[in-house]
Structure formats: structure tokens, C-alpha cells
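Using the hints, position chains B, C and D with the ligands against chain A.
Each chain, written out:
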Amino acid sequence: MDRLPRWADVALVPFVSLTLAALISALVIIAIGQDPWEAIKVMVQGSVMNAYGWGYTLYYATSFMFTGLAVTVAFHAGLFNIGGEGQAQLGGLGVALVCLFLPWPHWTLALLGASLGAALFGAAWAAIPAYLQAKRGSHIVITTIMFNYIAASLMIFMLVDVLRPPGKMDPATANFPPETHLPSFNEIPGLNLVFTSGVPANVTFFIALAMAVVVWLLLWRTRLGYQIRAFGKSEPAARYAGINPTRIIMITMLISGGLAGLMAINNVMGEAERLLGNSASGAGFIGIAVALMGRNHPVGVVLAALLFGFLFQGGAELGLWTKIPIELRTVVQGLVILFTGALDMMVRMLLTRIFALFRTRKLEAA
Amino acid sequence: MDYATLLQLLDSTLRLATPLLLACLAGLYSERSGVFDIGLEGKMLVAAMCAGAVAFYTGSAWVGALAGIAGSLVFALIHGVTSITFRGNQLIAGVALNFLASGMTVLVAQYLFGQGGRTPPLEGAARFNPIDLPLSETLKGVPVIGPFYHEVISGHSILVYAAFAIVALTWWVLYRTRYGLRLRAVGENPAAVDTAGVSVPALRFSAVMVTGVLCGLAGAYMATALQAGFGKEMTAGRGYIALAALIFAKWRPIQAMWACLLFGFFQALATRPDIVEGIVQVKIPVSFIEALPYVLTVFVLAGFVGKAIPPRAGGEPYVKER
Amino acid sequence: DLGGKFDKSFNEAAFNGAERWAKETGGTYKELEMQDEAQREQALRRLAESGANPVVMTGFAFGDVLNKVAPDFPNTKFAIVDMVVEQPNVKSVVFNEHEGSYLVGMMAALASKTGTVGFIGGMDIPLIRKFGCGYAQGVKAVNPDAKVVINMTGTTPAAWNDPVKGAELAKGQKAQGADVIYAAAGGTGVGVLQAAADEGILSIGVDSNQNYLHPGKVLTSMLKRVDNAVYEAFKEGENLTPGINVMGLANDGVGYAMDENNASLVTPEMQAKVDEAAAKIKSGEIVVHDYMSDNTCPAATF
Amino acid sequence: MANQSGAEAAYAIELKGISKAFGPVQANKDINIAVPKGTIHGIIGENGAGKSTLMSILYGFYKADAGQIFVNGQLTPIPDSQSAIRAGIGMVFQHFKLVQNFTVLENIILGAEEGQMLNTSLTKARKELERLARDYDLEVDPDALIEDLSVGHQQRVEILKALYRQADILILDEPTGVLTPDEADHLFRILKGLKEQGKTVILITHKLREIMEATDNVSVMRRGTMVATVKTAETSPEQLAELMVGRKVLLEVDKGTARPGEVVLKVEDLRVRDEHKVERLKGISFEIRAGEILGIAGVAGNGQSELLAALGGMQAATGTATLKGAPLPLSGAGSDGQSRRRSGIAHVPEDRHHHGLILDFTAWENVAFGYFNDPRYQKNALFMDNDAIRADTERKMAKFDVRPPIPTLAAKSFSGGNQQKIVVAREMEQNPALLLIGQPTRGVDIGAIEFIHKQIIALRDAGAAILLVSVELDEIMSLSDRIAVMFDGRIMGFRDPEKTDERELGLLMAGVTGKGEAA
Ligand SMILES: Nc1ncnc2c1ncn2[C@@H]1O[C@H](COP(=O)(O)OP(=O)(O)OP(=O)(O)O)[C@@H](O)[C@H]1O
Ligand SMILES: Nc1ncnc2c1ncn2[C@@H]1O[C@H](COP(=O)(O)OP(=O)(O)OP(=O)(O)O)[C@@H](O)[C@H]1O
Ligand SMILES: [Mg+2]
Ligand SMILES: [Mg+2]
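Chains as they are written, first to last, in the numbering used here: chain A, 42 to 407; chain B, 1438 to 1759; chain C, 1289 to 1590; chain D, 54 to 572.
Bound-form chain A, shown alone:
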């Protein structure tokens, strides 16, 4: 099987995969007696046709960028981190503790502190699976799944028995002090001309973009990144080159977990301004889809995150204005992962066939 041209590999393959996913989603919508065209219109209308919609689309995208980057970094070391969900929840815990129990004079400092807390807690939650993988060869996919559930239980415990303010009924922390309030787009001079009403998208968005750049530099411009990628391609070769597997696995997973945790400054600090149950609400898993769609490249991840942001906001709108249940989001998400992740080979075979066809055509023509 001869290879595909680079552009096809980078752009065409994901595009085809995505189209397939979209087509099937459309069929699903038809199957449940709804009108896909109508659905698209509602989604677009509610998510990108007005500032309000963008406010949410970008808010979701921000979270997905963090989790997507988290998966990406791990991927390059040959590690499949399914634990983003749990790491993001722990990140939320970090943010909550920092915001609630430390006095902050100004949001900028609070942001700094919270980011630190989020990253630390997220990284800590990734550390144990990483260690078990490195030292005892326990399959990181399974351990991270387990840690997602353990995290969920831990959070319930923290929220119900520890952090819930007395007299409050729902399992959530107290509201964070106003000093820790992050400016959302409608409060940022300049942006507030566009975003007039309150939107959840906030300064964290720019941090996410910055992180994408950082990850890119890390992977393709630094010695560490070089070692991470080499290790990911071939462990025996890495050992020959004197790359310490334990070190790489640990560092990579700590970075990955940290990124996943960082997402919490967006949803916990930037939006809810208190820690709620199930705060990550699935963003950790969507990170997988985002990374796969983005071909594990920061640029791709950012684009994929925007797409999923649109999908999420649009999906919410569907649930609101149409008879199509909001779960359609989950279906599309599943399809995207299936086609861009697992059926990658199929799409490639398909395209290579087509390309081969064209080549022969050319030859005949010549």
C-alpha cells in the first residue's frame, strides 16, 4: 500500500472521517423523525450567529483545548490517557481550595494561584497511574479509567462531607470570593463591545491558546519533547539512546494531567465560581475526540476544540428549541472518535485506492 501525499494525510483524512461522522449523524436524526437540515440551522444559529452563542461556543472550546492538549502530549509518548475526566475534576478541587482558603487581593494573582492549584492537583492524579505504568507496567488505560471513578467518589466525599457549607443542601462548595472572579468576555474592555450580555467565555480562553503554543514548542523544539516523541515511537530505541523510560513516562503524564487539571480554571473559576458535583461534565473524554481529530497536533487540537465547542453549544440549543434530545452530542462525539480514531485505517485505505486510481488515469492520459 503506497503512502498518501502529506496534505491528504494532514487535511483530507480527518476531513473525510468527519464527513462520514456527520453523514451518519444526519441519518440518525432522520431515523428519529427529525430534520437534519433544521438541526444544523438551529445549531449554527444558536452557537455562531450571535455573540451570545459564541460566548458559549468559545467557553466550551476552552475546556476542550486543555483536555485535548492533555491527551495529545500523552499520545506522543505512546500513552493513552483516558483519565482526563478525573484529572480535570481534581483540578477543580485544586482551584476550589486555592480560591476558598487563600486570601487574594486581585483576580490576576488569584488566577495564577488557581492555575497552579489546578495543574498540581491534576498532575498529582495522573502521577499514580504514571508511576504504576513506569515501574510496574500496569496498563495506563485501565488504571486511568479506574482513577476516573475513584476521583468521582473522592469528589462526592469532598463536596458532601467536607466542603459543603453548613445548611446548604446541594453538594457544592460555597461561592468563591468576588476577588477571584475572572473577567468574562463581556467584562473585557474591547471584547465587551461584541459581547454585551453575560457569557461564560473568559480570560482562560487566552491561556488555553497560549498552552497550545507551549505544547507545540515543547514537543518539537525542546530536548524533552524530542525524547518524549522518540520514546513514543519506540521504547527499545529510546533505551538505546539513553532516554530514561520512567522519567519520560512520569514527566509526560504529569504534564498531561496538569493540562487536564488546568481546564478547571475555565469551568470552575471562570464560570460556576464554585465547585459543583461532576464539574468536568465529560470534557475529559471529549479531549480524546479532540486530540484524535486534531491529529495530535496543537493546531489541529485548537481547531477540533472549536468544532466541538460549536457541537456542544449547538447541541444544547437543539435540546432547547427542537425535539432532538441533547444526547445527540454524545452520539456525534462517539462517531467522531470512531472514525478519526479507530477507523482511521479504513479511511486511509479508501483514499489510497482513490489516489491510485487517479495516478493510473494520469498514466493512461500521458
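Hints are not guaranteed to be accurate.
Pairs of lysine-lysine residues, derived as DSSO-like cross-links and limited to a Cα-Cα distance of at most 30 angstroms, are as follows [to be verified]:
1. K403(A) - K465(D)
2. K330(D) - K1687(B)
3. K308(D) - K260(D)
4. K1577(B) - K1435(C)
5. K1568(C) - K1428(C)
6. K116(D) - K90(D)
7. K335(D) - K552(D)
8. K274(A) - K330(D)
9. K176(A) - K274(A)
10. K1669(B) - K1311(C)
11. K1570(C) - K1428(C)
12. K507(D) - K308(D)
13. K465(D) - K274(A)
14. K1669(B) - K209(A)
15. K1577(B) - K1570(C)
16. K364(A) - K1669(B)
17. K452(D) - K432(D)
18. K364(A) - K82(A)
19. K1757(B) - K1687(B)
20. K1318(C) - K1669(B)
21. K245(D) - K180(D)
22. K1318(C) - K82(A)
23. K1577(B) - K1459(C)
24. K1720(B) - K1459(C)
25. K260(D) - K1757(B)
26. K335(D) - K176(A)
Just so you know, the hints here were simulated from the structure itself, not pulled from any lab data.
Just chains B, C and D with the ligands now, kept in the frame of chain A:
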């Protein structure tokens, strides 16, 4: 904790362990053949929905169960095609199918019944009702074992007994039949099976299909025996607990049964924190009990409780040409 | 709330109220179901944003969110059930569930043969303990040495929608001798009623009239007229009167359900006794202790 | 059926116009070959010549792109191994196809079971096994787990597998590569036995000695094509060697005499255990001087790989080692590949695909492989200087004549020889004090071989100490200044290439010391 309470706990342990056991055995076939399957959860969910819906329409739990199996088989087929035919990443495929299931079930159920992703409650023959084993009433009087037989062993739906029968069956198939030998071999070294003139894809597909059937039963049990109808996300992570149990049992059927009973017992305990509190005299947060199966599994994975070595060829698609 | 629209109980009641209004006035309304905690604020804002007025929400969990959102939409009216939110444009509707629970408690005690009855709550919060406490008082009022077995389903919103656990708890309570079980647990109650029916004991529904779920097996249901509250709120429309409004026995906010499904189970004598108590409560002759007033309960320990 | 009535004896196997390509590799090109019944037929060729591919096709493991297969005279399409087995063909692969944690018996019946139940098959197989063991003296414990068996015994299981399936035609792919000489001799006795029973044997190897002593006919493959088929009796090793590589082989590399300097590497009582705690190096001691090449001869799997791994920092070891007098840690801190490189040790690994290169990386990324910490490759404290690396790569590619000289090309798109050149260039250009180099010319064509050999000599004359490991005795003989022969994790002795010959070395490699008593 008095004997009656213990019996009651064991009774619900049995009920709660059954879906885990069926899913766990399901996973055993797939993974023994070298196809890792973290999509058990999704298959169960789909099966539960199909079973619930069809049982409601036909009023027959049996037809429902068949529908459940069919639904689960469809997903198994996708998993097979993806990871065997197209050599896709088995883990990613599993993740994808779980999302697909979680969304699809609600979409369809909502479309069919318009009850927020539920199926209507099932009654009578639309459910697998408890069956009393012979003599359970008469033996009731016999001290200790009498009540045990009456309360714990007797009075479950047919699927519960089926699940335990399948444990024995699986053991026999795995270690006493030709199919079992080949199954174990293909999970360890597919090239050996291939050069011995046995088709690796066919073998793996068959295993994945068996997985589909058993997940189907697990899901059907959820919707038509344990509960009366399908509810959104009703499997609530049982597929993953089953996976944990499978690792815990190191991919062996008998041990899988014990693992599932243990994890089922934890779930039973989680419904009764008051009992736990009664025993240890301090308030244990329910969430801790709920986390126990996962924590234990991590310990096993870490090799503190004997190393869990998965089938050697597990996870990798079989390719002749490097 | 997270129990889901078709929990046959709390949310369904609200939904029915809305439906009734829609039918009578031909008006249209949007209903939104929460997938998870994080969504509440978005949903609320979106509805207000879209010009919906009034916006009615059921469930205490909306409290904090509403406190944040209401000020942003000064000329939109909000109504919240089960929670007090002091905002100029918010109407808070709370119920005296303890009074209604008291009545069905009596009913349970009267119907029980074993002298042991059960209570299964949803999420373990003061509000639900309020149900349980009223219920226990009612039981003791009839049979001072009756035993009340109390279980809570969980500590998170998931507890509103966990029929499996509900069923297991019901079976557990039966094993402890309970022959009447009162489920105040949203969607979880479906499992409780189911299990009770399977086990051949009686159960008591909550919020909506759930007698029909298992005819002849549901003793009665503690009615909490959320439907009325929602209906009223919609009817008042834009000129909804803000402030707190308590719905109790006195103003038919709560009560117990009688219909052909449970006629066979409730003897005239029983009904007479209960109605008598109801009258006394209305007249203030009997005062049912409200758990939430001081987080203690004379009749039960949680 | 074992009738050999002279010239026109019926052919057991006839292959006509077989071709097979793996992506860019044309592994087999229009192969024609005929194997008379009841003979031992040798197939010989360099690494990568296409021998295994051809046989895998005959066994239905790979599908040929073109060509026909005739078994016992009639056309027999062989789409899969099943049909090959039915046609009476059995194969022992270069890399065994056994289930490690199964017993011998289970492995043997796998795929050839009697009915659905195991017990019946197992009991039958046990009897059959005893018979076969008697007839061909192939003793193995039927209930032993494969993972507990020696390679030699595992190979017997493979042979038994084939015989149990009533194979009349047995293919063995490089069976002796992993065997000690006496194991090999035993194998050849077995093969002769099979031949007497009228079975046909196809023996793949690239060891001329084995061809000469074991086969009746021999076919020679080169670069995917079949160049000749001759009667063994009517040919000579020299002729075969010539056919194999396409021109006269110069068994001598003209190299000036060595001028050994001070001791660079001194190793004492070096020991290595593998992950199963089996001792692979059993106390090795030697020293290498500057400007000297120490060649390690030995049958594959006698500890050479472990020796390179230990010195290259890929595997922990015990014992003592010094580099230019300074202690060289063999385990723990300072024993990793990076420290080794820093202390001036370069390492051309035996397996370029698994160790030497990251096949998916570009050439320039591979040139920095192992040297990513090199100051020359850094822009600043934070970032690497990729442009510098690319420039350096162009230099090296030019100097070592790597084709095509494109630094941004992925390593996997270079041919084996050129891949090897990239590795060699990277390591030699560090002008190391000590060069570890394993199988420098495996799977590399003759032109590249000469080039690489010259580079090795040049480096020696530049004053580097060189440890050369190779399974190719000619290579050892022609390059080394001193030869150490390894057997079973020990050094059987040191020899001067001028004063020894293949025979003596062969004996040492077989574990037979000069005084003649077996080790
Ligand atoms: N499965 C495969 N995929 C891709 N290329 C292959 C494969 N098998 C062999 N090749 C290539 O085909 C050519 C012939 O390989 P083959 O193994 O037949 O050679 P060989 O004569 O057996 O060599 P050796 O003596 O090392 O065993 C080599 O270039 C090899 O790299
Ligand atoms: N095992 C393999 N898998 C995939 N591709 C391979 C393999 N071995 C070789 N190739 C590719 O096949 C082509 C020829 O490889 P091969 O090693 O057979 O070349 P060669 O004829 O030996 O050339 P050279 O004399 O330089 O070694 C190269 O493009 C190489 O990338
Ligand atoms: Mg070969
Ligand atoms: Mg080559």
C-alpha cells in the same frame, strides 16, 4: 449485624453481581482472543434499551432478551470490524462505542416513548420474575442453611442462575474444548494459530460475537429483571466494574465469578451504609465503599496482589506483514 | 430537577402543571431538563435571554444559580419551587411537606400489620428529612411503639434517579419487617414502588398521585401540588407576585391521594381518622414539627 | 514413494514465476525452482535476499503477487497455511510460531485436533508423539511448557508439529542460526533420517558449510531473484559465495597492521542476568587498546548481544569496567546510554530497526538520536537548534554517501544499507574513544559492506578502540586485530587472526577448547 441482615445483604449481592458477572464473562471471551474491549458498558446499555423496549411491545421478557442480544451483537460487530478487519485501535473503538451507546439509547428510547429516554415500566411476563426453587418453603425451617437457601439462593430471576451456569460452561469451553484451546492460543500468539492453518480473524470474530451475546444478556437482565424497564445510563459504570473484575480475576472464569460476587457485595453494602456503620462503629462515606472495586483493581494491576498478565497478543491487531 | 421529567413524581408534577396551563390558555412554554449541575445557569440564562417570562424552575438546586442570574434580568419574573430566593423579581414557593407526610404516616401505621413501616428518601438533605420526620410523627401518632425504618438513597443528585438502589433498599426494609414503605425519592421511588409490589407489601407514593403505578399495591400518595404552583405561576405570567408563598394543608398545597386504585386498601375508618387529623392540623390543633426549622426530629433519628 | 530413479525423479515442489513485493521491497522476483522428491534441497542467499519470503509463500503464510505452485506434479493453489498443510507441506519458521505458555502437546495438536473435545486429541497426540520421537529421535517432554524449553528443543517441537500433520515436505528456515554446533549436528542427523523415510526437506541458510555437508542440491538467491540451482556435489563453497553476492568475495580487507596504544577499555568478570534471572554473561574479562579492533566471534545468542547492551548502557550488569583508567559504572547512576556517550563510547547497535533508528523520524532527527543533549545541537538553554542538526546531517550524508542525501526524508524510506550508513555515520563521526559495533553489515549489500569496513579501519587507525561483534566469521577474520570467541556467555579464548583458521574458531564457537575437552 444479625444473620437476617447478612442474608439480606447476600441476597442483594447475588442480584447486583449478576450483571457484572455476565459482562465480565463477556469480556473474558473477547480479551482471551486478543481483542481488548472497554466497550462492555456500551453493549450492556444498548442491550438494556433494546430489551426494555421490545419487552414492552411484545410483553415477553424472552423476546426482549433476544432483542437485547441482537442490539449488543450489532455493537460487537462494529467493534470486530473496526479492530479485526480494519486493525483499528481496540481501546479507542471501545471508548467510541460507549459514547455511541450512551447517546443512541436515549435518542431511540425518547423517539419511541417520549418519556425522557426511558422505556415505560414493564409488568408481569414482560419481566423475568423471581422463581422460587423447589423446597425453598419447606426447608425454610431448617436452622442456618434453611433461611440461607430460602432468602439467598432461591427467589431470583432465571438469568441469575443462568449467569452462574455460564461460569461453569465457560470454564469447560476454555479448558476442555478445541475452541477453547484455539481461543487461548490466538490471544497469546496469533501467528501460531495462523501457521497451524486456523483463521485468526474468524476465531477473533467468533469470540467478539460471544462477547456480544453475553453483554446482551447482562443488559437484558438490567432492564427486564433487576429493574422494570430501561432508564438513561442505567448501567451506571457496571461495564467498567466488570472489566475491573476481569483483571482482578486475571482473565479466568471461576475467579471472575468470585471477583464479581465480591464487587457485587460492595455494591450491596453501598446501599446500606447503616450496616457498615453498625459494624465498624464509625461513619464511612458511601463514596468510599463505592470506590472499593476500583481501588482493589488498581492494587491488582500494580502487582501487589499477584501480577495480572493480560493475554500476550492482547490489544494489537494481527498483521502478517510488518 | 435531576430526577428527570418522567420521574412519575416531582418533576412530572411540575410538567403536568405546565401542560394544564398550556391546554387551558393555549399558551406555549419551553421546558428544559438538566443533564448535569454545570448546565443550570446556562439553561436559566438562555430561557431569560429568549424572552421567556415568567421562568419557572423546580428544585432547591436552582437556588444559588437563580441568585446569580435573577439580578441580570430585572424585568423577567422567576418562580422557584422548594427553595427561598430573596430577589425582587423572584417568587419562591415552598411546601409544608411535613404536614402531608404526617397524614400518610398515619395511613401507613393504620395499614401496617407488622407495626414496622419504612421510609426511603432520595438525596439526604434537610428537605427530605422534613418528609421523613413528618411521616414518622404521623406513624407514632397512631401507634406510639411502631418502628420506622429510615434509609436515604444517596448524598448526591444521582440519588433522585437510582431505581436499582431504591428497589434494593425496599427489599432490605421488607427484610426488616416493614410492610408499608413511603418513598420520597423522585425517580428512585419508581424502583421502591416496583420492589414493594414485587415483594407483596404496600408502598406510598410522593408528590404526584402515584397510586396508578401499581393498582391495589400503592396505599396512597403524599400529594405535593407542584403542578398547582407551576400552573399558578404561569397563569400570573408577567405580573407574577414576587415573595415567599407557603403551600400547606390549609391551602391544599399538600394532601394525600384517594382514587379507585387504592380504594380497596383504605377503609373508611382509616380515611376518617386521617381526615380528622388533617382538620386538626388546619385548625392548628395539631402542630407537626418541621425538621428544617431546627434540624431535629422528635419522632425519628437520621 | 521415495523413488529416486535418476535424473527425471518426480518433483515434490515446483515453483513457477513467483513474485512478491512488500510495498517498495521486491522481495521475490519471478522465482522458478524445482525440488526433487526425497532430497534435501538447500536455499542460500544473503540476508534480505528473499528466502524466507519465498518459503512463506510456499507455506501459504504470504500470498504471492504472481506465480504458480506445483506439489507432486499437479498445480496446487495455496491461499492459506491450511491448504499447504493439506498438500503435505510443513514449515519450521526462522522465528518459531509457538504458544509460550502452552505445553508441547497443546502446541502440537493446535489446529490439528481430533473433534471438538481436547482429551481425545491429547491422548492420541501423546501416543503419536512417542512414535515420532522413536522414529526420528526427537525427544521432548510432552507436558513441558514451551517457555521452559531451550531453543533447540523448541525447534524440535516445531518439527514434530509438522510431522504430526503428516508433512511429506519439510521446510526449515535458517534452523541453525540459533543452534550450538552439536545441536546443529543433531538436527542434520534428524534431517537425514527424514530423507531416508522418503520425505523431502528444504533447508534455508546462508552458511556455506551446512549446505555442503547436508544438501543434495542447492539453489542460490540474490536480491529477490533465483540466480542458480546446482548439485551440491558439483559445486564448491567459493562458487556458491560468488553466486550469492554476485561477484568475487574478497575474504581479506587490506588493512595496515595495528599500532595498539594504551588500554582504553578494561572489563573484569562482567555478568548479566536477563529478566528471567537467567545468567547470559558468565564472567567476561578482556581489554581493548587504542587503535585496535577486538572481534567477538560466536554463534548468535551466546551472549554477544548482552555484552554490547551492557557496555552500551542498555542493560544493567555486574563486575568492573574502566574506560581509560576511569571506572565505568555497569548499573545504577551513570550507566545509561547518555553517560556512555558523554564518556566517549559510541555504539552501532546490532538491530538498526529496533534500536539504531526511529523509522518514523526524519534522517536529521535520527542523526541527533542519542546526541540530543550535544551542545552543538542546542540553540539555547531551552530549545534545540534544528537547523544546525540538519546542516550536520547533510555533511554526514555527503561523507558517507547516503542515498538519497535528503535530511528531511523519513528513515523508513531509506534502504537497509543506507539506513545502516546513517547509523554508522552518526556514531563514527563522534570520533569516540571506544566504538561498539554489532553486525555492521547485516542486510547490507556488498558495496555498502566494503565502505563500512573501510570506515571501521579508518577509525581504528585514528586511534579508537573498537569492539566488533558479528556472526559472519569472514567479517571477524578480515577486520579484527584480535579475536575473542564467545560460547554460552563465556569467552572460550583469544586468537590472533593471522595464526588461526575457521576450523579452530568453529570448534571454539562450539564450546570445544584448544585442549579438546568440551565445555
Ligand atoms: N513482512 C514484511 N514486510 C515488509 N518487508 C519485508 C517483510 N518481510 C521481508 N521483507 C523484506 O523483504 C526482503 C526479503 O526478506 P526475507 O526475510 O525474505 O529475506 P531473507 O533472505 O529471509 O533474509 P534473512 O537471511 O535475514 O532471513 C527484505 O528486504 C525484507 O526487509
Ligand atoms: N522490513 C521492512 N519493512 C518495510 N520496508 C522495508 C523493510 N526492509 C526494507 N524496506 C524498504 O524496502 C526498500 C529496500 O529495502 P532493502 O533493505 O531490501 O534494500 P536493499 O535492496 O537491501 O538496499 P541496500 O543494498 O541499500 O540494503 C527500502 O526502501 C526500505 O525502506
Ligand atoms: Mg529469512
Ligand atoms: Mg538490504
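Query raised in the report: Going through the earlier hints one by one, which of them does the structure break, listed in rising order?
Result: Per hint list: single violation, 15.
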